[in-house]
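Modelling step: build the complete structure from the supplied sequences, incorporating the hints.
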Amino acid sequence: MRHIISILLENESGALSRVAGLFSARGYNIESLTVAPIEDASLSRLTLVTRGNEQIVEQIVKQLNKLIDVVKLVDLTEGGHIERELMLVKVRAATHEQRAEMYRLTDIFRGRMLDVSDSTYTAEMTGPSDKLDAFLATLGAENVVEVVRSGVTGISRGPKGLHV
Amino acid sequence: MELTGAEIVVRCLKEEGVELVFGYPGGSVLHIYDALHGQNDVKHVLVRHEQAAAHAADGYARASGKPGVVLVTSGPGVTNAVTGIATAYMDSVPLVVLSGQVPTKLIGNDAFQEVDSVGITRPCVKHNFLVKDVADLAETIKKAFYIATTGRPGPVLVDLPKDVTGAKAAFEYPKKIKMRSYNPTVKGHAGQIRKAVELLAQARRPMLYTGGGVILSDGSKELIELTRALNYPITNTLMGLGAYPATDRQFVGMLGMHGTYEANMAMHQCDVLLAVGARFDDRVTGNLEKFCPNARIIHIDIDPSSISKNVPVELPIVGAVPNVLRQMITVLREENLKPDAEAIGRWWQQIDEWRAIKSLSYRGSDTIIKPQYVVEQLYKVTNGQAIVTSDVGQHQMWAAQYYLFDRPRQWINSGGLGTMGFGLPAAMGAKFAFPDIDVACVTGEGSIQMMLQELSTMKQYSTPVKIVNLNNRYLGMVRQWQEFFYEKRYSMSYMEALPDFVKLAEAYGHVGMQIEKPADVEGALREAFALKDRTVFLDFLTDPEENVYPMIPSGGGQNEMLLAGRDAMKNVHEEGMILV
Ligand SMILES: Cc1cc2nc3c(=O)[nH]c(=O)nc-3n(C[C@H](O)[C@H](O)[C@H](O)COP(=O)(O)OP(=O)(O)OC[C@H]3O[C@@H](n4cnc5c(N)ncnc54)[C@H](O)[C@@H]3O)c2cc1C
Ligand SMILES: Cc1ncc(C[n+]2csc(CCOP(=O)(O)OP(=O)(O)O)c2C)c(N)n1
Ligand SMILES: [Mg+2]
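As they're listed, the protein sequences go chains A and B. When the letters of the first sequence are read in order and numbered with our numbering, they come out as residues 3 to 166. When the letters of the second sequence are read in order and numbered with our numbering, they come out as residues 12 to 591.
Below, computed lysine-lysine pairings styled on DSS-like, alpha-carbon distance capped at 27 Å: (1) A:Lys64 to B:Lys320; (2) A:Lys68 to B:Lys186; (3) A:Lys68 to B:Lys77; (4) A:Lys74 to B:Lys143.
It should be emphasised that the hints constitute simulated quantities derived from the structure, not laboratory data.
Written out as structure tokens, the structure is:
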């Protein structure tokens, strides 16, 4: 199962390497990891996507909680949540047909054109990861020059928030 | 008044009640050594190798229950200490390690004697800090002691750049510390406790499996009270020995790979298992698929990540051992729950049948010294009262099996990391903690050579320890595995060119004895222990090819034990071979 774990971390030097080190030392898988400071400057918020059966994910959550620098965490996938990822993609757009097709597909997937050159377009798209995957599949690997993905961030649905 | 960072370090140690620091100087900690000079509050022990500083502090901590303190210089000082830190980490021993670091401006510059100490130790400490500002120093040290000694204990490293120990700041030691991200649960959940007690009371074939957590939390008193009230059988892990008196009727011996037949069989057949401060280590469980097939399991542990890690548990209770057991005793009394006396009686009958197999019996000899016999005599000569440390190997298992530990903190060994070289410095640390109690270090000719230099420290500080060298001229534990699993191809397990241990002891200013005949074993031990203020190196030439029994080969179930003199190698599972 795929899990999105959202963590409030002390904004200390080295805190991030404790999280990363935990995953490599214990052989857990990290699919993506995003981290940025939040309005309370003493904390940063980290969103981590991992996969594993129930027992492994239970251990991951316990081991993360055990890190002194982890203040609080929530497994977003346990409840209703919103997941978003940002992707920038540069596609081949040299011929007239290519340009039209790329423009059309980007529009269908509700992406936005950010840049053009005489042979490429660069589009931006946000959404759940599977939507971004679908867009890439539709474009076709042969048409893609470069892809950059931010990794997943997420937030729970409903009135509650993750606070200290 | 303003103090230098170095003075602040010393003042903090004093405030924490630290009497002893084990360390070794070098450039980056010279300010601290200067501050230690000419004061009497904190005594410093100069070891001969930084690994020994960590082991000695560890032995001191395990014996006394107080945190051990280590002081080492940057670079090689820290890397030398890492094995000792990892040893303490695996066995959850509270240490505070103060390490020097290059000045903050030079960090990251490949400066002289620079290593990323925080990075190197990260996976083997409970937590670590790099202090960048002298203003944060006192609070950081306070946090280090707090983290090291509370919850599941463990080593904490504080890295101190030289400019920080040189700079000045006002000193105020925080009285209390509160951390929003660290707050271990001590009291057990009342509902879970009620359920646990009810389940326990219904058991027909109950078993108590208890570990190092009981000793770490000083929970023996409560454990004994509960166990006696229930009249249930109890086993200890290697780390838990002494938490329940080994001479008590209800004690069925150690469990696990080299545990007794009765302990492992009772584990295998029990219907309710109460695990207390034990972590279901692979040396204990054997093959997980065959582990306690019929048991409903209750697990008390202060570290949630120990629970359901290897074995799924029906009733988890997060909390400290003494608190939770006290709560359980109260519920048991209040609800007046009585186990089914008849069922328990039958269970004891079964256990006594297993006991009658006498799985620890061995064939004695008049001509060659049996290692088991030496430990039995050590037990006799010390009236079972000595603090015993050990190194790692066969001798460690024999010490665990044949010395009956009746009190906690009496048995000190490296179980989790299995660090050869641990025994001697740990014995020294224990002797510092208890100058009036006999301390014996049971070791092997392989292990002892890993930390021999500490004989010099022991001379300097007069910490008399009796070294019981079970000298089989083999890396015996390795040889045993090669005999069983590699058709006796003894690759690199033979110890050639051994030193003359008697002369060696004498060269360091100690007493040395070599014992070759079984008849001389007891006398030599008596003579050695009579030399109260001397370290004595007793070199026992033991049967080179003796094996440790019983044994559950890796991959085997708890009921698939090999017993001495009865079983040829069998039940060796392919899959077990990789478990080592
Ligand atoms: C050569 C060799 C052979 C070995 N053979 C065996 C063997 O046959 N049998 C055996 O048992 N071991 C054996 N071991 C040791 C084994 O490797 C483990 O170290 C040992 O089994 C672990 O013991 P434990 O489960 O008591 O856990 P420990 O490592 O002592 O862990 C303590 C547990 O208690 C918890 N705890 C800590 N403080 C508290 C508190 N305040 N309240 C509640 N819980 C707390 C911790 O979270 C942890 O889960 C062997 C080791 C070596 C080197
Ligand atoms: C530092 C270290 N290196 C290697 C090992 C692997 N090892 C475990 S037991 C053992 C043999 C120990 O020999 P000795 O001290 O003579 O004890 P014996 O088994 O003969 O009693 C070895 C090499 C270890 N545990 N620790
Ligand atoms: Mg040996």
